[in-house]
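Each chain, letter by letter, is given below.
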Amino acid sequence: MEEQDDRFEQTRRRAREVFDASVESLDAGTRTRLSRARFEAVEAASRARSSSWRTWVPAAAVAATVIVAVAIWQTPERTESPVTVAASGDAGLDAVDMLADGEALDLVENDLAFYEWLDVTGIDSAGSAG
Amino acid sequence: MGSFASLPIDRMRVVADDARSDAGEAPLEQSIELNRFLAGVERSAFRIAQMAVRNRDDALDIVQGAMLRLARSYGRRPSEEWKPLFYRILYNGIRDSQRRRKVRSRVFGLFPGQRLDDDFDVEDPLERVADAGPDPSQRVMAGEAMQRLEKALAALPARQQEAFALRCLEGMDVAETATAMGCSEGSVKTHYFRALHTLRERLGEVW
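If you read the sequences in order, they're chains S and B.
So for the first sequence, this note's numbering puts the first residue at 3; every next one is plus one.
So for the second sequence, this note's numbering puts the first residue at 976; every next one is plus one.
It should be emphasised that the hints constitute simulated quantities derived from the structure, not laboratory data.
Incorrect hints may appear among the rest.
[To be verified] Once the Cα atoms are required to be at most 20 Å apart in a straight line, the calculated SDA-like pairs of lysine to any residue come out as:
1) LYS1164(B) <-> ARG15(S)
2) LYS1164(B) <-> GLN12(S)
3) LYS1164(B) <-> CYS1143(B)
4) LYS1164(B) <-> PHE10(S)
5) LYS1058(B) <-> ARG1018(B)
6) LYS1058(B) <-> ARG1134(B)
7) LYS1126(B) <-> ARG18(S)
8) LYS1058(B) <-> GLY1157(B)
9) LYS1126(B) <-> SER27(S)
Produce the complete structure using the sequences and hints provided.
Right, here's the structure in full:
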């Protein structure tokens, strides 16, 4: 097992030596192109850093505007009148509402005539003549 | 008393740090750090890419793309994370290039007489600049050994090639290699052991 490890180590070391030698012997043209690529990358990183806030601030402003607009648009409209809402829990206001409504008064008058007619005809509520 | 005395010094440090940051010194330091990192990996990354795609210009494009991607997307990450990220991007580039090349060769195979665009490459004048490298005999010997290594490596499955290149040639540890390859540390160990075993058999004792 140890012998195998030694042989693997030998292969590993030799491969590394050969690879390092090939890296060292790269031609000038390749080395120059790699350096140029590196400078471009470093420059791109600086540009990305400096322009990041210029990109995000307008984007955040647009996003905030859209959120506000959607919030306003989505808010349900109040269809009930304030008087109706207030009257729902207050019996006194029912009368006011009825008095304000002309049709409701007609109904009250009609109902009185109906009860008078019932009294005259002598028919009780169960339907038998009295 | 001592704690009171240290307060102004701490405050001064904070102010100095803020001032340095305002003056843009921190980004400058980051740029220097990134430049140092890329300078340290660019040549071996190029050789690894060249071994994988067997084309100098494609390898240069792949390394350039990996540098740009790392700088733009991960330039602000801690520098300790750069190496595995860079090699992960590099190997993605290698795989893309190999895929494109396969498609291109299939397409050109349909039209006999057509040549791949590599044949039309214009020579870069920089290639004619004199080298200050090792002497020619050393270069020939190293070149022959490298050719044998390249040939043996090319015969390995892709994942074994990747594990061997990162662990042995680039000298990354198991955890970094696992991050770069996007697999578990156990898989890295298996791929690396198999690669080493096969290379040992193929290259022999005297290599």
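LYS1164(B) and ARG15(S) were given as a pair; does the straight-line alpha-carbon distance stay at or below 20 Å? holds, 17 Å
Given the hinted pair LYS1058(B) and ARG1018(B), is their Cα-Cα distance within 20 Å? Measuring from Cα to Cα gives roughly 14 Å; hence the hint holds.
Satisfaction of hint between GLN12(S) and LYS1164(B), Cα-Cα up to 20 Å: Given that 20 Å is the threshold and the Cα spacing comes to 18 Å, the pair holds.
Hinted pair, alpha-carbon criterion (20 Å max): LYS1058(B), GLY1157(B). Please report holds or violated. Given that 20 Å is the threshold and the Cα spacing comes to 13 Å, the pair holds.
Proposed proximity, CYS1143(B) with LYS1164(B) (alpha carbon, max 20 Å): holds, 12 Å
For a C-alpha distance cap of 20 Å, please report whether LYS1164(B) and PHE10(S) respect it. Status holds; Cα separation ~14 Å.
Mind checking the alpha carbons of LYS1126(B) and ARG18(S) for me, to see if they're no more than 20 Å apart? holds, 15 Å
So if I understand the rule, the pair passes when the alpha-carbon distance is 20 Å or less; does LYS1058(B) with ARG1134(B) pass? This hinted pair holds, its Cα atoms lying about 18 Å apart.
Measure nothing beyond the straight line between the CA atoms of LYS1126(B) and SER27(S); if it is 20 Å or shorter, mark the hint as holding. holds, 19 Å
The structure fails none of the hints (numbered hints given earlier).
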